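Chemist: Residue strings, one per chain:
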Amino acid sequence: MTLRVLAAMSGGVDSAVAAARAAEAGHDVTGVHMALSSNPQSYRTGARGCCTLEDSRDARRAADVIGIPFYVWDLAERFHEDVVEDFVSEYAAGRTPNPCLRCNEKIKFAALLDKAMALGFDAVCTGHYARLGGDGVLRRGVDGGKDQSYVLAVCTPEQLAHAMFPLGDTTKAGIRAEAARRGLQVADKPDSHDICFIADGDTRAFLAERLGEAPGPIVDADGNRVGDHDGAYAYTVGQRKGLRLGRPAPDGRARYVLDISPVTNTVTVGPREALDVRVITAERPVWLGPEPSGPIGCEVQLRAHGEVYGCVAEPSADGLTITLDAPARGVAPGQAAVLYEGDRVLGSATIAETARVPA
Amino acid sequence: MVTYLDHAATTPMLPEAVAAVTAEMSALGNASSLHTVGRRARRVVEESREIIAEAFDARPSEVVFTSGGTEADNLAVKGGFWARRAADPARTRVLAGSVEHHAVMDAVQWLGDHEGARIEWIPSDGLGRITPAALREAIGPDASDIALITVMWANNEVGTVQPVAELAAIAREHGVPFHTDAVQAAGQLPVRFGASGAQALTISGHKLGGPLGAGALLLAKPKPPLSLDPVPLLHGGGQERDVRSGTLDTPSIAGFAAAVQATAGHREEEARRLAALRDALIDAVRAAVPDAILNGDPGERLPGNAHFSFPGCEGDSLLMLLDARGIACSTGSACSAGVSQPSHVLLAMGADPERARGSLRFTLGHTSTEADVKALADAIGPVVERARRAGLT
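These protein sequence lines are chains A and B, in that order.
Residue 185 in numbering that gives the first Met the number 0 sits at position 186 of the first sequence, and the numbers go up by one each step.
Residue 237 in numbering that gives the first Met the number 0 sits at position 238 of the second sequence, and the numbers go up by one each step.
Hints should not be assumed to be uniformly reliable.
Stated by the list, open to error - Calculated from the model, a selection of chain B residues having no Cβ within reach of chain A, i.e. all distances over 10 Å:
(1) 142
(2) 171
(3) 318
Stated by the list, open to error - Coverage of chain A stretches by chain B, computed from C-beta distances (three or more under 8 Å per stretch; other residues unrestricted):
(4) 64 to 74
(5) 116 to 129
Don't read these hints as lab results, they were simulated from the structure.
All figures in this text were calculated on a predicted structure; none of them were measured in a lab.
The C-beta atom is built at its ideal place from N, Cα and C for all residues, glycine as well.
Between the sequences and the hints, there should be enough to build the whole structure, so can you do that?
Modeler: As structure tokens, this is what we get:
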């Protein structure tokens, strides 16, 4: 069936090949580059982001080679409100957000999809590495290193019903080779790694600029002051580097961020084993299939490209309780807990609290 | 089959122009060379100059060839400012219409940002007109500090034709040189440089059936006190009266002149034909979309221009949907990184940003036919309905 497909084109190699594959499959494809910054210079100015003029030109050039219409849509305002401001306020609240996930949830498969649908498109196609079956089942991409099902798991079945991920069956190396074969100039373009709206990759400075300096204590598990920080928001649970603690711990062992309390502006540090988490409370669950009526045995991934743990997940009144088979380390509130059964995504929820021992 | 309703962006080259460019591209010669080969090229350039001068009521020596309209505007505005200020340091004021094309507007703004120019944007009325009263008001009691005044002949977006002769007369009365960007007007309206009273006038080849990359600044011989003798933007071999250096682009210049010559004889007849088509287009759009707003002066407008705001629609959405149906038009506004900005012209006319963003420009030209109007008439209703559903993001 020929669909009217809107291909979101970032200017990178993945979305370019995704658009080309959709067109080759016989769909009526239109390329759209989302302008996410009203002032592109204020975000990334290098070649690896999603917001630069160079990226916009690369996307346009790829669309020309593929032979599809191409437009730039200005989604800067929505992106700023739903992703950038959310990112800042989540950090301010002591959590560690994943902006790529939020962008999929609120921009690509919401603002962009809604506008596309209203204009008569049937689907939005992206260059994510994930497999989406006609039955609505979302699976990991075959390239384990590139798999992006984690950042898509936040999408609802309704959103995924209008999504198209043509790259899930191929490795990144295969996509680059295919891009070269198709004559796409972006075949060798470096991958984007960092957060696209933080120009220099310095998240701490980005947050400091927006949240201001808020000096406070760094304490150990017993409440003893062991150092100072310029703003608790700049820390992530599990972090070891950049703590700038003057003197070593009495036992000489490395210390990690255990907890961030925005209310008292306190960062708590401690030994690695104190990071061990067995129980996770998560909120705002999204189920890709029917919501389970009781506890289910499955696997859970707790951050992008993170390890996978066996677990029991049990729906509760206000979310989900996940009990891990073995302790996980560095589980940060604000990240998504994505439930899998093998490579199949069952659902996801946002990590709210963690505990060291099963209740 | 594309329905091309974007002739104001560029119009198809006339066969005469294609022939002239092609012939000249296989000929040899630098028009500045002293030998026979150079003289042959020189003759082509000078004959072209004479044709263009005659068509626009200028003397051949008043035609300064440039790479296009943008360069000619920059030469008049920046070069003119520098020269006038050099002659009298008190002259730092620049008066410009608030609905100018970016080629003028951004040049003026640059003078403000980098050369200490004090800019006064002459307000437009609701129809996009710069009235004589508005110019007088902007000049104020003392004109001695004004470097130059620039107001376009006809607006590229909404098509409004300015009372150029009256404005130039006011400038003359105050002893201030006057430049007008006539890029859109040339070829459609009787543009007569000598009679206009302007000291400088910009024209462009590709807007009237000539090749891209050819334009001219018509520049009156300095006649103090009304002297505009611009400082060059390009220094070099001293071509074009030492005002614009650079090897003359003989093929483009020949094509430019061929287009001017081919159209000069029947300009009025063609303007009448276009105006009738344009009126049919306006009627058709209004019939299909009763709440569409026609922007610009309903009477004093370019014969090939129709410009509408469609309430509740995004101009970009309309353009995309029409493009998908094979209809090429323009939102008429400038892009920044490919993102349309609300048109400064509509904002200057008092439109709110939403109305400004929901606008489309349809422009007709020498290849336009009733079939083009019919195609738009059939498409515009459903397209507007669809774009309204997507709304304003």
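Chemist: All the hints need checking, so say for each whether the structure fits it.
Modeler: A quick look at each hint next to the structure:
1. 142: The claim stands: residue 142/B keeps its Cβ more than 10 Å from every Cβ of chain A (closest is about 38 Å).
2. 171: holds (42 Å)
3. 318: violated (8 Å)
4. 64 to 74: holds (count 6)
5. 116 to 129: Coverage by chain B holds for the stretch 116 to 129 of chain A (3 residues, Cβ < 8 Å).
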